[in-house]
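There are 2 protein chains.
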Amino acid sequence: MGRVTVHQLAAEAGVSLATVDRVLNRRSGVRPATVERVEAAIQRLDYRRDVAAANLAKNRTYPICFIVPEGPGEFIRALEAEVRTIAAHPGSSRVEIERVVVPAFDGTKLAEALKVVDPDRFIAVVVVATDAPKVRGAINDLVDRGVDVVTLVSDVPTSRRLHFSGIDNTAAGRTAATLVGRFMHRKGKVGIVAGSMLLRDHVERRMGFEQVIRNEYPGLELLPPIEARDDAALAEAELSRLLDRHGDIGGLYSLGAGNRGVIAALEKSGRRDHIVAVAHELTEDSRQALVSGTFDAVINQDAGHEVRSAIRVIQAKADGHPLIPGQERIRIDVFFRDNLP
Amino acid sequence: MGRVTVHQLAAEAGVSLATVDRVLNRRSGVRPATVERVEAAIQRLDYRRDVAAANLAKNRTYPICFIVPEGPGEFIRALEAEVRTIAAHPGSSRVEIERVVVPAFDGTKLAEALKVVDPDRFIAVVVVATDAPKVRGAINDLVDRGVDVVTLVSDVPTSRRLHFSGIDNTAAGRTAATLVGRFMHRKGKVGIVAGSMLLRDHVERRMGFEQVIRNEYPGLELLPPIEARDDAALAEAELSRLLDRHGDIGGLYSLGAGNRGVIAALEKSGRRDHIVAVAHELTEDSRQALVSGTFDAVINQDAGHEVRSAIRVIQAKADGHPLIPGQERIRIDVFFRDNLP
DNA sequence: AGCGCATTGATTGACGTACCTCAGATTCGG
DNA sequence: CCGAATCTGAGGTACGTCAATCAATGCGCT
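Chains as they are written, first to last, in the working numbering: chain A, 1 to 341; chain L, 1 to 341.
Just so you know, the hints here were simulated from the structure itself, not pulled from any lab data. No residue lacks a Cβ here, since even glycine has one placed at the ideal position from N, Cα and C. Take these hints with a grain of salt, some might be off.
As the list claims (entries may be wrong) - Derived lysine-lysine pairs resembling PhoX-like cross-links, with alpha carbons at most 25 Å apart:
no., chain 1, residue 1, chain 2, residue 2
1, L, Lys58, A, Lys187
2, L, Lys317, L, Lys187
3, A, Lys317, A, Lys115
4, A, Lys58, L, Lys187
5, L, Lys115, L, Lys268
6, A, Lys134, A, Lys109
Unchecked claim - Chain L residues, not near chain A, derived (Cβ > 12 Å throughout):
no., residue
7, Arg160
8, Asp168
9, Leu243
10, Asp319
11, Asp338
Said to hold, decoys possible - Cβ-Cβ distance ranges computed for the label pairs, FRET-style:
no., chain 1, residue 1, chain 2, residue 2, range
12, A, Lys58, L, Arg121, 42 to 48 Å
13, A, Arg121, L, Gln288, 47 to 53 Å
14, L, Glu284, A, Arg214, 28 to 34 Å
15, A, Arg31, L, Val291, 53 to 59 Å
16, A, Arg214, L, Met197, 17 to 23 Å
17, A, Ala53, L, Pro341, 48 to 54 Å
18, A, Pro32, L, Gln288, 39 to 45 Å
19, L, Glu70, A, His7, 49 to 55 Å
20, L, Pro72, A, Ser16, 46 to 52 Å
21, L, Arg84, A, Asn215, 17 to 23 Å
22, A, Asn215, L, Pro341, 18 to 24 Å
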């Protein structure tokens, strides 16, 4: 039973409630010997602070600032929706979320947005980060000003951010490579449609993918990647050109957004059944492409899980709680036609 | 701001605190017109009850009984560990968990265990269910006595359980079939190592697997499944015999526990590189088998997620909260060598 | 007018913790 | 042994909600 209260603690330790309180909240003015007696009692009774009551007494809230890129992409929209869902959920009523929107792919604007975050208003910032020196500096400044920073989806590992809430993108790229490599029965060429090489997650996916294809599938030839800046129209045009030029493309990895364009190009080419295509992010488009057979696998990160995890990490830090190992590991979801949710 | 309190509500509605309380807690003795006024104020101010404070006032706890099968299996041990982790975590301090262990594969004993659950002591039971009529009856009886029941890992869908916390096992079987089918480059025979056909999850996995192999990979020949009752030694012996008899086995699906035996048989046969093997549950054994190449893919369900989800569902029901769509969907995790956590 | 009844108000004491004040006790240096 | 500094106790208020009591109001009815 967690039914031990401070009163019982005080009785057990033979001190007053005030002293127990001083010890529990590390206030000064208690002799070391007395501190020890109280701590022994804590051990003996297995006392655990009632967090809910404590938060109530402190009238504590968790004001968090979410900084997300703007853009019409389905993934970003899903992220926003998840943030809203959390904010509205009664279970997380003490979490107060403010959203800030910045232009996508713009390190300078992002750094500015980070700079104007008020340390008195927010205990933490959750940010979809572009990995630019300015951004790293802004993150570190924020941390110095006492605001915890959690990176979402795309990391800045060299910064002093508290946590990264996202997937291991190198592993995601390797997984895509394994799927492409093993699903392709004959030799052939493999194309890559990338988003922006400014985003660390895209760079890492490509790295992981190319590494495995080169090392383990020597029969496959990697074509230079298309940079489509997550723009569906651009992706479609460029990919169509690539497909025209190389009649023997047998595999494709679409590692950014802009799936709509990739799907269109594949279907127009009339070769979708002969090309093993692996893409990222499960959206309505990519889901249909899976069902129709245009895509053979889709790698996904669960935006809801990422948002909730970020918040849990921030709360745990604020409350001085441990995290549950495993709960905050964001999975690399692999979807085929057969296991669509 | 969610900072609206009952006091502000009372002021806004022009009634007293007592009346607000009566409306909020659906107590009688308030005129319909007044109820409406208060509810209008709730809407206007976007009042949400502070769950923490409410639980504190009610001194509410969530006593839950976990009924899990005994057995040396790594998955069951992992389940137990997760239950313990949750119970010890300060965040879920009002959750009081009692664990009951019953013999595996024994519907009668399980039904008995369900029968003796005290409805006054527990608000809910979480149970790894075998799908037997007796068990279904016992679950329904419990529900009638006012105890919510959540099935874990293995479901009894025809019962009146509140929720099933586990994966879609048919989809898992289909996924395994897709992997086996697409990884096998030539024609060949496909073996199945099953656990117990008393467990609904095993039956469903096999169904999904066979269905896809038959429909989509006509070049593959399904061998009759081995029933190994999750016993490693038995699995090894039977699988070795099967491998001896059929020199042209190219694929294998191990859908139950007992991976250790499957791995041993595969490695002894010397044909592990020529057999595409897909198994269930990521354990230390199966993880090593993935790395060494004995297994080509492992399908997993996250025991921690399942346990936490079950508890969340129960709490939400008890508090009358909505669930967050998506958070309680247990994923079918697919692991390759490349995306091992 | 007087009765009972339904409705509402006012107030109070929990729940477990935080934080504050003030007074009393103990210790220590000189 | 005295004064000062340090420790400790006792008690209060607050956080937002629940739950209960008791008094007050207004209503219809006889």
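Hints and how they fare:
Of the pairs offered as hints, the one joining Lys58/L and Lys187/A is violated, with about 68 Å between alpha carbons and a cut-off of 25 Å exceeded. Distance check on the hinted pair: Lys317/L and Lys187/L sit about 51 Å apart at the alpha-carbon level, beyond 25 Å; violated. With a CA separation close to 22 Å, the supplied pair Lys317/A and Lys115/A stays within the 25 Å bound. The suggested pairing of Lys58/A with Lys187/L is violated, with an alpha-carbon distance near 68 Å, which exceeds 25 Å.
For the given pair, Lys115/L sits about 46 Å from Lys268/L by alpha-carbon distance, which is inconsistent with the 25 Å threshold. Between Lys134/A and Lys109/A, the direct Cα distance comes to roughly 10 Å. Compliance with the 25 Å bound is thereby established for this hinted pair. The claim that Arg160/L is not at the interface with chain A holds, since no C-beta of that chain comes within 12 Å of its own (minimum 25 Å). Not every CB of chain A lies more than 12 Å from the CB of Asp168/L, the least distance being 8 Å, so the non-interface label is violated.
Every CB of chain A lies more than 12 Å from the CB of Leu243/L, the least distance being 22 Å, so the non-interface label holds. Non-interface call for Asp319/L relative to chain A: violated, since the shortest CB-CB distance, roughly 8 Å, does not exceed 12 Å. Some Cβ of chain A comes within 12 Å of the Cβ of Asp338/L; the nearest lies about 4 Å off, and the non-interface call is violated. For Lys58/A paired with Arg121/L, a C-beta distance near 33 Å fails the hint of 42 to 48 Å.
Range check, Arg121/A to Gln288/L: Cβ separation about 50 Å, and the 47 to 53 Å hint holds. Our hint of 28 to 34 Å for Glu284/L and Arg214/A holds, since their Cβ atoms are close to 30 Å apart. For the pair Arg31/A and Val291/L, the supplied restraint of 53 to 59 Å holds, since their beta-carbon distance comes to about 56 Å. Checked against the given bound of 17 to 23 Å, the beta carbons of Arg214/A and Met197/L, roughly 45 Å apart, lie outside it.
Separated by about 36 Å at the C-beta atoms, Ala53/A and Pro341/L break the suggested range of 48 to 54 Å. For the pair Pro32/A and Gln288/L, the beta carbons lie near 50 Å from each other, so the given range of 39 to 45 Å is not met. In this structure the supplied range 49 to 55 Å is violated for Glu70/L paired with His7/A, their Cβ-Cβ distance being about 40 Å. For Pro72/L paired with Ser16/A, a C-beta distance near 51 Å keeps the hint of 46 to 52 Å intact.
In this structure the supplied range 17 to 23 Å is violated for Arg84/L paired with Asn215/A, their Cβ-Cβ distance being about 41 Å. Our hint of 18 to 24 Å for Asn215/A and Pro341/L holds, since their Cβ atoms are close to 22 Å apart.
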